[in-house]
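Visitor: Letter by letter, the chains look like this.
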Amino acid sequence: MILVLYRLDGIQPNAGPAAAIPRAARRSAETPATPRAAAGNTSAADTVDPVVTYLDHAATTPMLPEAIESMTARLRELGNPSSLHAVGRHARRVVEESREIIAEAFGARPSEVVFTSGGTEADNLAVKGIFWARRAADPARNRVLASEVEHHAVMDAVHWLEDHEGARVDWIPVDERGRVRPEALLEAMGSGDDVALATVMWANNEVGTVQPVAELAAAARERGVPLHIDAVQAAGTLPVRFAASGAQALTLTGHKLGGPLGVGALLLAKPKEPVFLDPVPLLHGGGQERDVRSGTLDAPAIAGFAAAVQATVAQREAEAQRLTELRDRLIEAVRAAVPDAILNGDPVDRLPGNAHFSFPGCEGDALLMLLDARGIACSTGSACSAGVSQPSHVLMAMGTGADRARGSLRFTLGHTSTEADVKALADAIGPVVERARRAGLG
Amino acid sequence: MRVLAAMSGGVDSAVAAARAAEAGHDVTGVHMALSSNPQSYRTGARGCCTLEDSRDARRAADVIGIPFYVWDLAERFHRDVVEDFVSEYAAGRTPNPCLRCNEKIKFAALLDRAMALGFDAVCTGHYARLDAAGPAPVLRRGVDAGKDQSYVLAVCTPEQLAHALFPLGDTSKADIRREAERRGLQVADKPDSHDICFIADGDTRGFLAERLGAAPGPIVDTDGNEVGEHEGAYAYTIGQRKGLRIGTPAPDGRPRYVLDISPVTNTVTVGPRESLDVTEIVGERPVWLSDVRGGPFDCEVQLRAHGEVYPCTAEADGDRLRVRLAAPARGVAPGQAAVLYDGDRVLASATITDTARVPA
Numbered sequence: 001m002i003l004v005l006y007r008l009d010g011i012q013p014n015a016g017p018a019a020a021i022p023r024a025a026r027r028s029a030e031t032p033a034t035p036r037a038a039a040g041n042t043s044a045a046d047t048v049d050p051v052v053t054y055l056d057h058a059a060t061t062p063m064l065p066e067a068i069e070s071m072t073a074r075l076r077e078l079g080n081p082s083s084l085h086a087v088g089r090h091a092r093r094v095v096e097e098s099r100e101i102i103a104e105a106f107g108a109r110p111s112e113v114v115f116t117s118g119g120t121e122a123d124n125l126a127v128k129g130i131f132w133a134r135r136a137a138d139p140a141r142n143r144v145l146a147s148e149v150e151h152h153a154v155m156d157a158v159h160w161l162e163d164h165e166g167a168r169v170d171w172i173p174v175d176e177r178g179r180v181r182p183e184a185l186l187e188a189m190g191s192g193d194d195v196a197l198a199t200v201m202w203a204n205n206e207v208g209t210v211q212p213v214a215e216l217a218a219a220a221r222e223r224g225v226p227l228h229i230d231a232v233q234a235a236g237t238l239p240v241r242f243a244a245s246g247a248q249a250l251t252l253t254g255h256k257l258g259g260p261l262g263v264g265a266l267l268l269a270k271p272k273e274p275v276f277l278d279p280v281p282l283l284h285g286g287g288q289e290r291d292v293r294s295g296t297l298d299a300p301a302i303a304g305f306a307a308a309v310q311a312t313v314a315q316r317e318a319e320a321q322r323l324t325e326l327r328d329r330l331i332e333a334v335r336a337a338v339p340d341a342i343l344n345g346d347p348v349d350r351l352p353g354n355a356h357f358s359f360p361g362c363e364g365d366a367l368l369m370l371l372d373a374r375g376i377a378c379s380t381g382s383a384c385s386a387g388v389s390q391p392s393h394v395l396m397a398m399g400t401g402a403d404r405a406r407g408s409l410r411f412t413l414g415h416t417s418t419e420a421d422v423k424a425l426a427d428a429i430g431p432v433v434e435r436a437r438r439a440g441l442g
Numbered sequence: 001m002r003v004l005a006a007m008s009g010g011v012d013s014a015v016a017a018a019r020a021a022e023a024g025h026d027v028t029g030v031h032m033a034l035s036s037n038p039q040s041y042r043t044g045a046r047g048c049c050t051l052e053d054s055r056d057a058r059r060a061a062d063v064i065g066i067p068f069y070v071w072d073l074a075e076r077f078h079r080d081v082v083e084d085f086v087s088e089y090a091a092g093r094t095p096n097p098c099l100r101c102n103e104k105i106k107f108a109a110l111l112d113r114a115m116a117l118g119f120d121a122v123c124t125g126h127y128a129r130l131d132a133a134g135p136a137p138v139l140r141r142g143v144d145a146g147k148d149q150s151y152v153l154a155v156c157t158p159e160q161l162a163h164a165l166f167p168l169g170d171t172s173k174a175d176i177r178r179e180a181e182r183r184g185l186q187v188a189d190k191p192d193s194h195d196i197c198f199i200a201d202g203d204t205r206g207f208l209a210e211r212l213g214a215a216p217g218p219i220v221d222t223d224g225n226e227v228g229e230h231e232g233a234y235a236y237t238i239g240q241r242k243g244l245r246i247g248t249p250a251p252d253g254r255p256r257y258v259l260d261i262s263p264v265t266n267t268v269t270v271g272p273r274e275s276l277d278v279t280e281i282v283g284e285r286p287v288w289l290s291d292v293r294g295g296p297f298d299c300e301v302q303l304r305a306h307g308e309v310y311p312c313t314a315e316a317d318g319d320r321l322r323v324r325l326a327a328p329a330r331g332v333a334p335g336q337a338a339v340l341y342d343g344d345r346v347l348a349s350a351t352i353t354d355t356a357r358v359p360a
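Protein chains in written order, with UniProt numbering: chain A, 1 to 442; chain B, 1 to 360.
Excised from the complex, chain A in its bound form:
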């Protein structure tokens, strides 16, 4: 079934703008690329099996048919959105219509949407850019506040500011459910005069805990501190409204809500001195996006992103309800099979599709491998580029201890998830945990 979603053929080139495409470009655009022949043996291991039980939607979720259609149609079209001729104007129109769709879906103005290459770039632009801008305006603002459970895209950007820009950093603690208390933010801000920015995620990517964003934003506003919110995980299933949130910057990405990989946006309030200034750019060049982000706009990806946002937001409430019910049945099924499994995160205020467990006496890596061998895809929490899995900083901040952190798995549901996925996990998890316990904690 997932394979069907990836089929790209059968989509006809858009008749109108295609006429403007030079002959050679059109031919190559219409000729389907032949997949590169594998160097040696064919690789069967990594093709997406249609019977796979995909429980890793928080890593990435299949593209929605609407997004694939919109994006592939635009891939056949020519045009740099910054060009001044008809072809360029057409591409510009695609981008601006997409911008309006995304702005409306998230309660922002179109001029507040800054397209980026994804969530990581948006997070870096917000954290570093706002820090640089605010400190340039007043050198006393040298402090960054961030929650202890931020995604690496925020956390490592903050560490970088500490190591290379002399920023002073205060990490705001969380409780055992992974929640940042607004009082803790207030306390960390002090008068707020020396704070460049505060950054707290809307919902946690590992344990799914939803933060009290309205209260956090009110606290930041009270001290005149700009707030950045990473809403990458929240955007598809929670009512994310930028203006109403009170944040000055908010990160979105396409591929977590059914859009393509490689495109995202930073929602960015209009500068309002002295509290908020446009971030200093990370990427210098043509100044395409409000002069804070340069680079030729990827009109096809942006169109796919907007189509996914439109489709997702239109069904958001009903889908969130469906996922919550499915998720609760998944939690029940896991607990029935493994009575001592511990649900991490907030039992109520959590992302609809997120179930995160610790399995005492097991190694998360072993569980993942055993489930993978049975066609069930999940995650040990946060992927680690180094290969060596460090205990999750999120779970450590929640005070779980290293062993419980090492034996944890994240199951995340999304738009293609069904009862059959829950059933598959329910059947497998008992024997898998039993097997992994024999291998112990290494």
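FYI, nobody ran anything at the bench for these hints, they're computed from the structure.
Given the structure is predicted, the values throughout are model-derived calculations rather than measurements.
We put the CB at the ideal spot given by N, CA and C, even for glycine.
Don't take each hint at face value.
To be verified - Far from chain A, some chain B residues (derived; all Cβ distances over 10 Å):
| hint | residue |
| --- | --- |
| 1 | 104 |
| 2 | 133 |
| 3 | 173 |
| 4 | 193 |
| 5 | 205 |
| 6 | 211 |
| 7 | 217 |
| 8 | 240 |
As the list claims (entries may be wrong) - If you anchor each label on the Cβ, the simulated ranges turn out as follows:
| hint | chain 1 | residue 1 | chain 2 | residue 2 | range |
| --- | --- | --- | --- | --- | --- |
| 9 | A | 162 | B | 211 | 27 to 35 Å |
| 10 | B | 264 | A | 342 | 49 to 57 Å |
| 11 | B | 133 | A | 373 | 27 to 35 Å |
Position chain B against the provided structure of chain A, taking the given hints into account.
Guide: Coordinates of chain B only, in the frame set by chain A:
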């Protein structure tokens, strides 16, 4: 069989995994992450423990078409190999960390975990032949004499070897590279790994000094005369000639070699080359890979990796192994393994504890 292929990121383990898969086994590739700080290990083509090696291993698994995972064995590796390496040197012995890694990590920590998770065997890219058809596994040298690794595998017990697979033992390294090329494995021309993977810059003496601190002491000759000073006796190996920095030349003007290291008195003894000759070797913790236990029996012994082979008579002496050489061997270092062979076949191994020169 369900086979776990240990994949270092090098050409040998990649071809071994491919051969195991081709033989019809259900193979899963696993790269062992051996450092929680991979940057501190040898980087690039020469190592086996870096991020680049992990990517190479993953890519090889893609091409072979097998699942692939990274397992974190950093804690066990640090404790059983790195710390063991340091404490062995501190005790005046010369450890072989590759051998220890086979004994404690690949065919212990990794194998145990694999078995618990439902695998039947661990496959590696070692150059050795293993015949597990009979009642007890028979370990033989690889056919490529230059690459033969039976020496560093001889510490494995029959129980460990019963769950091992060495698909490369019947092939030369040159042919393995050609085969890797033919299979489309990008690592086909990746240089061989040398030296010790956890010493990033190859400076063993510096690595030990950092961990054991400076401990200056005397260098003496066989008559007890002080002829120089050292920064730490742990930095020396029996038979070493280079880097002794002795001010006073020997009376006869001939080069001097490390004859003995005494951690208790922090003394390094040097002397002429012939004083390195030994004819009797005692080893501890013997592992028997044949039924010729007890003895005495005639065989050959190898005393270091890729070292010479000496005709000898061996016999069990309680929980020790006693080896008498037909002709003297030179520079035998406690801490290394004495591996007994009958032609190609490994009979037994033991860790060298004492050596002596018994006049003929």
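Visitor: Against each hint, give a clear statement of whether it holds in the structure.
Guide: Against the structure, the hints:
For residue 104(B), the shortest C-beta to C-beta distance to chain A comes to about 13 Å, beyond the 10 Å cut-off, and the non-interface label holds. With a least CB separation of 28 Å from chain A, residue 133(B) remains clear of the 10 Å interface cut-off, as annotated. Annotated as non-interface, residue 173(B) keeps its C-beta farther than 10 Å from every C-beta of chain A; the closest such distance is 20 Å. At roughly 18 Å from the closest C-beta of chain A, the C-beta of residue 193(B) stays outside 10 Å, upholding its exclusion from the interface.
The claim that residue 205(B) lies off the interface holds: its Cβ sits roughly 28 Å from the closest Cβ of chain A, which is beyond the 10 Å cut-off. A cut-off of 10 Å between C-beta atoms confirms that residue 211(B) is not in contact with chain A; the least separation is 21 Å. No beta-carbon of chain A is positioned within 10 Å of the beta-carbon of residue 217(B); the least distance is around 39 Å. Every CB of chain A lies more than 10 Å from the CB of residue 240(B), the least distance being 35 Å, so the non-interface label holds.
In this structure the supplied range 27 to 35 Å holds for residue 162(A) paired with residue 211(B), their Cβ-Cβ distance being about 30 Å. At about 52 Å, the CB distance of residue 264(B) to residue 342(A) agrees with the hint of 49 to 57 Å. Checked against the hint of 27 to 35 Å, the pair residue 133(B) and residue 373(A) passes, with Cβ atoms roughly 28 Å apart.
The structure meets every hint from the earlier list without exception.
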